[in-house]
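Engineer: Each chain, written out:
Protein chains: 4
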Amino acid sequence: MPFDPKAGQFYRMPIFFGPTPGPRQWPEGRTFDFTKTPHMKMLGVRMLTNADQLKAMLPERFELRGPPVVTVEANYMTEIGWLAGRGYNLCDVKFEVTFHGKAGPVHGTLVLVRWENLCDPILSGREELGHNKLYCEIPEPRVIDGRHSARMSWLETPFLDINIWDLAAPTGMSGPPADPEHQGMLSYKYIPKTGDWGEADVEYVTLSPHRPMRENITIERFELGQGSFQFWKSSWEDLPTLYHIVNAFAELENHGFQGAHLVQTVGGSSIAETYRVD
Amino acid sequence: MPFDPKAGQFYRMPIFFGPTPGPRQWPEGRTFDFTKTPHMKMLGVRMLTNADQLKAMLPERFELRGPPVVTVEANYMTEIGWLAGRGYNLCDVKFEVTFHGKAGPVHGTLVLVRWENLCDPILSGREELGHNKLYCEIPEPRVIDGRHSARMSWLETPFLDINIWDLAAPTGMSGPPADPEHQGMLSYKYIPKTGDWGEADVEYVTLSPHRPMRENITIERFELGQGSFQFWKSSWEDLPTLYHIVNAFAELENHGFQGAHLVQTVGGSSIAETYRVD
Amino acid sequence: MPFDPKAGQFYRMPIFFGPTPGPRQWPEGRTFDFTKTPHMKMLGVRMLTNADQLKAMLPERFELRGPPVVTVEANYMTEIGWLAGRGYNLCDVKFEVTFHGKAGPVHGTLVLVRWENLCDPILSGREELGHNKLYCEIPEPRVIDGRHSARMSWLETPFLDINIWDLAAPTGMSGPPADPEHQGMLSYKYIPKTGDWGEADVEYVTLSPHRPMRENITIERFELGQGSFQFWKSSWEDLPTLYHIVNAFAELENHGFQGAHLVQTVGGSSIAETYRVD
Amino acid sequence: MPFDPKAGQFYRMPIFFGPTPGPRQWPEGRTFDFTKTPHMKMLGVRMLTNADQLKAMLPERFELRGPPVVTVEANYMTEIGWLAGRGYNLCDVKFEVTFHGKAGPVHGTLVLVRWENLCDPILSGREELGHNKLYCEIPEPRVIDGRHSARMSWLETPFLDINIWDLAAPTGMSGPPADPEHQGMLSYKYIPKTGDWGEADVEYVTLSPHRPMRENITIERFELGQGSFQFWKSSWEDLPTLYHIVNAFAELENHGFQGAHLVQTVGGSSIAETYRVD
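Here the protein sequences line up with chains A, B, C and D, keeping their order. Mind the numbering: the first sequence is residues 129 to 406 in the working numbering, read in order. Mind the numbering: the second sequence is residues 129 to 406 in the working numbering, read in order. Mind the numbering: the third sequence is residues 129 to 406 in the working numbering, read in order. Mind the numbering: the fourth sequence is residues 129 to 406 in the working numbering, read in order.
Think of the hints as simulated: they come from the structure by calculation, not from any bench. Treat the hints with care, since some could be wrong.
Across the chosen pairs, the derived CB separations fall in these ranges [as the list claims (entries may be wrong)]:
id	chain 1	residue 1	chain 2	residue 2	range
1	D	Arg342	B	Thr159	38 to 48 Å
2	D	Leu176	A	Asp324	56 to 66 Å
3	B	Gln137	A	Arg189	13 to 23 Å
4	C	Asp161	B	Glu284	31 to 41 Å
5	A	Pro304	B	Glu284	32 to 42 Å
6	B	Pro195	C	Lys361	31 to 41 Å
7	C	Ala378	D	Pro130	39 to 49 Å
8	A	Pro130	B	Asn382	20 to 30 Å
9	A	Asp273	D	Gly326	26 to 36 Å
10	B	Gly157	D	Gln392	25 to 35 Å
11	D	Gly300	B	Gln354	35 to 45 Å
All C-beta atoms, glycine included, are put in the ideal place defined by N, C-alpha and C.
Looking at chain A on its own, in the form it has when it is part of the complex (with noise of 0.2 Å):
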């Protein structure tokens, strides 16, 4: 039976076997509670920039929204339904911005890189969401003093450290606020054309929205505190693929860390709702 498409199910490479269980697809019947799966802690900081270094990063139609500020937020997830209770990792660096669309302006988060400790979820995040994952190391981090110390690494070569401290449940709130014109997460979906080096198959952003993952979710704990981060500035030997990537975050001006947040949650969303915003 050659392949055959059916509209509404999901396929990727290799596509000789049939539809693709991953994230959004999973065996005949099964189905998942999202108000009680993942699990997921997040600890993140925020430095001010010089807003000129993130503009420089920004493809067309897209723009800084508010002050230069750059988040890198480490998230250690577990209890996944679609890997069967399984978890892993991720490291987000990202800034806010507005896309200028055809239809009109969209505020929400470039992620410009999401580092995760596991491959298959890259595959899947890259080509059915056009979320820009890349693979690294991401043990569980270090808890001592009320410190929290996450570092990524890549074939054991470190390249990003991340302290938060100080952390204490804020008074009268339960959790980070609300931005009501926020819309979620955007990213810049690129597909190389095979044997036209420098043109695409696939260019185009996409809108990972905010609401349905929000309505699943209960914030168990929250935090705020101090904290910083660093990349170490790296050689073309010491991280082959990542080198470029994480010299342009070492390079970023710092003119002050914004604090931190440590944020325990469970719920959470296939993420299905991710659409191309042209």
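Assemble chains B, C and D onto chain A, guided by the hints.
Structural biologist: What follows is chains B, C and D alone, placed relative to chain A:
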């Protein structure tokens, strides 16, 4: 400076940092002598199976070529230039086909799956070349009493064992026989359309031609012998992203193993010559 | 300055560098609050077996105490002080015994094997405490549909599965019942005599008393339910350093699983109170 | 059947399961041809340092022999019989000494630390032979432009880099020069006494003689060249079990690197000939 791709350069997600280093693009001025890099050690086993089972995996315009023999081959690579001298391993499942392209038939090897134990070449291979790569663990083979044993696993769950033994250098042969009509490795590139699930952004066949690689490669060891492989029948819980593939292979009828090979080579190619076949 | 050990300090190979940092010795001035560190999550299953099989494992002067119930328990630890806030995991196989010491009987738990996934505490535990530790891989448990699944493996070869389910907090109990006569964890310390194979440099029983640890520990979660475990029968080729142990456990008769527990705690001890029992 | 050790057999914790399989004891009837196993690839660098710094590490009755040259050598082993054909890697830091034993002086190499990337041989080596083994990660070396680079790390924290280059087979030499007075590898076996911290259960010097191993080994590749190594100065937080050792090495004065070697061999020994030297 917004994203501004140049012809002849390679770009992959995330595109915010300019040209992307990878297997076919290195730092300014850096080159590799592809007659001396990489080093490869391949362990392969061939099995005669039911032709109808192989045909059932073929997309339109593909035809089984010759007897229904599937080859499972593990390849251990070291001294890879674009990884600054690191190595990684891969494992192919493949058989011989003819693709009936618009410009005529193309005879080649259809690689149904290429498992690799490093995410970076999986991303570049899928997106640039259409190679049907997935992740698994591929530790070094065990060697005892002249028997080489390779095992593939995913997050500590084994799913494929390869064993080869009774190996000896064949008289009068210094390498595998050449097939003048065989053009290279065929793959099926497919990228889903974000939000329109079941539809494709990209869907075409690619050919990675043999010629440039073969001209560079020196065979250092070539031995033939006996061998077997076994896929472990698996549940969704065991292998939530691979069970449908592993079980399809586990169900292939065994009409007799057809021998094994051990080949060690030096040299290779960036495979930038890969092109789309309509 | 030649090696000059001081009373009260801890030394292990290599001794060329002075006192050895480890679970019971930290940098000058560094202390930990053992009521707040480490965090532990334990998954345990009990199985009734054939008393003769357990007795056959006992050295002289050890006696089976109570019904022949063997417990398999995985323990996932984080925020460990002496590892500067890192964690590691362990998995015990154990049953209740009486050791007839010269000063009278000692009732305790004989830990036949404590597998750990980090070499450093294995070395200090074996050599300082006589704990019968060995290495294996202990990834985080999978959790789906209220079922927790743990798997132990060695170099990608799985050998033990633990499953627990139907968990609920028991009414009227906030923790496991205390046994006033139970004194702690019993181990059998044995170090071979170099060159005189079959003879021992060290051979005695040790007791790690419960008391200091129990006083420090706060139980955060205590649930009881159903469970099972299974050891995989293995060959020397599969597990060349563990097959004799794994097969001994695989051969234990299953006279019925006796329930499972999930316990989460905060607090602990350095176990420096461990002593030799003659 | 209680524990009943037999002369000539090997036992290690846990002793509840009879004789312990390991590097010097295999299943009934199983033997290995030590002229064909294992395969080893060694990368070594020598550095002249301050004699007083080396002397400061020496226990009583040890004396520095010859110039104060410390050697750092990584060794990548495959096809190891007792691991059923698997491999593992090690990294030594060592220098030449004379031990003044009761029966006269013994000239040998004092291995201050042997790091290994597998726990099983660490346990048997420490307890049976007194070898001063510790755990670290030892990935395959990188090789590019004729330069071999090895890096040691512990839980993603690098602490030692070795680089060798300009390698060539020396004329008129097929292997390292033999020193007729050199007897082998010296170690300092030390096991603490449980509960009497600072006192020892075991404390003596061992010698692993060269002879049996050297008779079995065939040198397949022998090249000399340039090299360097560097220990990274580390904090307790970075390397809570290794910082005191790594920093002692980082503080060694560099009075000039003395060249590097790359040696590939086949063959070995169980080193069961190791004995105590009083």
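Engineer: So, for every hint listed, does it hold in this structure?
Structural biologist: For each hint, the structure was consulted:
no.	hint	result
1	Arg342/D to Thr159/B: 38 to 48 Å	holds, 43 Å
2	Leu176/D to Asp324/A: 56 to 66 Å	holds, 57 Å
3	Gln137/B to Arg189/A: 13 to 23 Å	holds, 22 Å
4	Asp161/C to Glu284/B: 31 to 41 Å	holds, 35 Å
5	Pro304/A to Glu284/B: 32 to 42 Å	holds, 36 Å
6	Pro195/B to Lys361/C: 31 to 41 Å	holds, 38 Å
7	Ala378/C to Pro130/D: 39 to 49 Å	violated, 22 Å
8	Pro130/A to Asn382/B: 20 to 30 Å	holds, 25 Å
9	Asp273/A to Gly326/D: 26 to 36 Å	holds, 28 Å
10	Gly157/B to Gln392/D: 25 to 35 Å	holds, 32 Å
11	Gly300/D to Gln354/B: 35 to 45 Å	holds, 44 Å
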